[in-house]
Amino acid sequence: MSAAPTVIGTPLDVVDVKGNSMTLSMGPQHPSTHGVLQVVVEVSGEIVEKAEMEIGYLHTGIEKSAENLFWTQAATVIERMDYLNPLGNALCYVMAVEKLLGVADHIPERARAIRVLLAELSRIASHCVWLGTGGIDLGAISTFFYTFDVREDILDLLEQSGGARMHPNYIRIGGLNGDLPAGFLHRLDALIAKFPQRMRELRALLQNNPILRDRMIDVGIVSGADAVAWGLTGPSLRASGIAYDVRKAFPYCGYERYEFDVPTRDDGDAYARFLVRLDEMDEAMRIVSQVRKELDAPGPIMIADPKIAPPPKETIALSMEALIHHFKLVSESFRVPPGDVYQAIESPRGELGYYVVSNGDNRPYRVRTRPPSMYNLQALKLLAPGNLIADLVVMIGSLDPVFGEVDR
Amino acid sequence: MPSSQVPSIAGTALDPTAVRPPIDDAEIVRVAPAKLHAKLEALRAGGFSLLLDIGAVDYLGRDPRFDVVYHLLALATSPSTVASVGVPRRVRVLCGVGGTEPALITATDLWPNADWAEREIYDLYGIVFTGHPQLKRIQMPHDWEGHPLRKDYPLRGPAREATPRPAFALKSNVPAGTPPAGNVAAALQKRIALARGQRTPDGAGEKS
Amino acid sequence: MPGEFMLAKIDDVARWAQSSSVWPLTMGLACCAIEMMSVTNSTYDIARFGSEVFRASPRQADLMIVSGRVAQKMGPIIKRLYDQMADPKWVISMGACASSGGVFDNYAIVQGVDTIVPVDVYVPGCPPTPDGLLYAVNLIQQQIRQGGRGGILAKA
Chain A
1 MSAAPTVIGT
11 PLDVVDVKGN
21 SMTLSMGPQH
31 PSTHGVLQVV
41 VEVSGEIVEK
51 AEMEIGYLHT
61 GIEKSAENLF
71 WTQAATVIER
81 MDYLNPLGNA
91 LCYVMAVEKL
101 LGVADHIPER
111 ARAIRVLLAE
121 LSRIASHCVW
131 LGTGGIDLGA
141 ISTFFYTFDV
151 REDILDLLEQ
161 SGGARMHPNY
171 IRIGGLNGDL
181 PAGFLHRLDA
191 LIAKFPQRMR
201 ELRALLQNNP
211 ILRDRMIDVG
221 IVSGADAVAW
231 GLTGPSLRAS
241 GIAYDVRKAF
251 PYCGYERYEF
261 DVPTRDDGDA
271 YARFLVRLDE
281 MDEAMRIVSQ
291 VRKELDAPGP
301 IMIADPKIAP
311 PPKETIALSM
321 EALIHHFKLV
331 SESFRVPPGD
341 VYQAIESPRG
351 ELGYYVVSNG
361 DNRPYRVRTR
371 PPSMYNLQAL
381 KLLAPGNLIA
391 DLVVMIGSLD
401 PVFGEVDR
Chain B
1001 MPSSQVPSIA
1011 GTALDPTAVR
1021 PPIDDAEIVR
1031 VAPAKLHAKL
1041 EALRAGGFSL
1051 LLDIGAVDYL
1061 GRDPRFDVVY
1071 HLLALATSPS
1081 TVASVGVPRR
1091 VRVLCGVGGT
1101 EPALITATDL
1111 WPNADWAERE
1121 IYDLYGIVFT
1131 GHPQLKRIQM
1141 PHDWEGHPLR
1151 KDYPLRGPAR
1161 EATPRPAFAL
1171 KSNVPAGTPP
1181 AGNVAAALQK
1191 RIALARGQRT
1201 PDGAGEKS
Chain C
2001 MPGEFMLAKI
2011 DDVARWAQSS
2021 SVWPLTMGLA
2031 CCAIEMMSVT
2041 NSTYDIARFG
2051 SEVFRASPRQ
2061 ADLMIVSGRV
2071 AQKMGPIIKR
2081 LYDQMADPKW
2091 VISMGACASS
2101 GGVFDNYAIV
2111 QGVDTIVPVD
2121 VYVPGCPPTP
2131 DGLLYAVNLI
2141 QQQIRQGGRG
2151 GILAKA
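Residue numbers (the numbering used here), protein chains in the order written: chain A, 1 to 408; chain B, 1001 to 1208; chain C, 2001 to 2156.
If we strip away everything but chain A, and leave its shape as in the complex, we get (with noise of 0.2 angstroms):
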């Protein structure tokens, strides 16, 4: 049937033919994998008995480089796993070292709010990805214009910020790269007036949708003792009646003080996913508004030590001290106490979290990422045989796999 197999994860080339079953390879390359992920199925017709996953189409070697890179310039590479939530992944390693150095406790107010509602916004436009594409392998492509559009508004606050769209290197060791500039506000304030309409609108094409309905309900049933032995965390977790959300169960970053329920269902089927994904969006809203609240009063957005945070720019030309500081942490940075730390937090696809280690130097040691999307993904091999691939490709994005965080 066809030249030698070239064998990279498995035989791409061969369709197998036994009995009345075949093998395939869906992917790497797929409109519907979310991303480059290979799964060889064993069909028979079109009802999937086998399903084998192959990762390690995306691996970046991230955990190595960060190795080699100094402790802030390390931030940069790690933001790039998640690619939906850079700053999320940001925030989880800038607060493992920050536990390491010791100044957790010293982090500005103001800075603390404002990692908090862009963690949250950045949770809201993560999912506007997740229910646009998982829109469009049903076939429903409007949502993908409706809910990108929502994400645009949130990029632009993102740009505005940061500087970038996406990985702006926004959250660092100590703070913040810089204030808020003028018109941030009132540019949050405008989506926050704006966003209940837009969910209303989300929900009224999607939610009681019969087509939507039928593929997803009873489709890729998780039971709750199945999802804790196969490490599910976040809205996977969530859908199938474990409420375990690291924001309540272990809170950082003062998540305490805001008012917000975590959505859960039992089901533990698709739609039971995407129903505590979209409960997630209004919950995350939620707490960006009375995030807002606290915002008007300026305030400090860095620690205020010089070993560790830059001197504001200006002072670099006027002092000496400035200059030096500067000069030292830009060419070695600066050392952190030797210990080893786990940090987590709740990212939109689950418990995202750094095992980070330090010797004393100016560069991590290791910083092991628990990968949330790894390990929800690795379900799929439990829910699939016995279902039809249409069913495979909603159980995928259901899952909401990210796969610069499964290969790394």
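Hints are computed from structural coordinates only; laboratory data are not their basis.
Don't take each hint at face value.
Straight line, CA to CA, 25 angstroms or less: simulated BS3-like cross-link-like pairs of lysine-lysine [as the list claims (entries may be wrong)]:
# : chain 1 : residue 1 : chain 2 : residue 2
1 : A       : Lys-381   : B       : Lys-1151
2 : A       : Lys-194   : A       : Lys-293
3 : B       : Lys-1136  : B       : Lys-1151
4 : B       : Lys-1136  : A       : Lys-50
5 : A       : Lys-313   : A       : Lys-328
6 : C       : Lys-2089  : C       : Lys-2079
Given chain A, work out where chains B and C should sit, using these hints.
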């Protein structure tokens, strides 16, 4: 106390995991490889039902050389509310493993999601997990040689390790210094020159 | 009968048709893929330039936008997809990682997709904004209309 005067333990035999900074992130347990599986089983029976992650660290120069780190979470397995989930407990199990062929017993019989995590550690560190259903590479191509995340593996890979990092070089398929040619290039050059207020070859625009 | 005939070279007409309907391949690898998706949304709207749809099958695509970092495992796949595309085909190397390896000068990333496939336009950025990608597609369209290929600085 962050400071450029912090003594580095780089190059010393001091183990970063032995230094316990005042951080309350998890209960820490260190076990020997022989007792690892029993300890994990006991922890799971004691309520630590969710395996968050298995990671490895290469402490080159220390004996045992590697640490394999298990992050566990004590979580209910039946539907719960935020109130009943409460504050889950975290535990971090560190297991030092070394030798010329480092190996540990697999945890896939306790938690199915240990599968990929152990494959990744095998791929990137070369630690074998005995009893694993299919221990093969997961991130690197299957015919890759070496274990990239080990400290003695060069960052840029053995193939490129000796080549210097390129200085800034024009990426084009003509030799550097060749003037650009063709309609598109010329139009672009003209537009750039006009934007800069410079005189263009055909006389349009003026020098600022 | 003035006004009822239009004369043109077939080449020009063909190139005009080709440049007005460049259909990219869905080759989203990493972060740049998200910006590539943003270029299809209503704010940037690549459809008005003729790229109405992105085709999943390389047989039906004209343009391969390599959007994202190319890992060692993915390299042969990209070459294979490029070979499967029917002529004439063009390649945009989107972003720093595809153009040169970007921030990842390490064992895992191919240092520039032009070591695997010939590239017509490079787009700098990490990731480039969707405007940058739109400009790149415009440059490809110009290249098609000029009849040229092989890079904007290439010898004609």
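Of all the hints given earlier, name the ones this structure violates by number, lowest first. Those not satisfied come down to hint 1.
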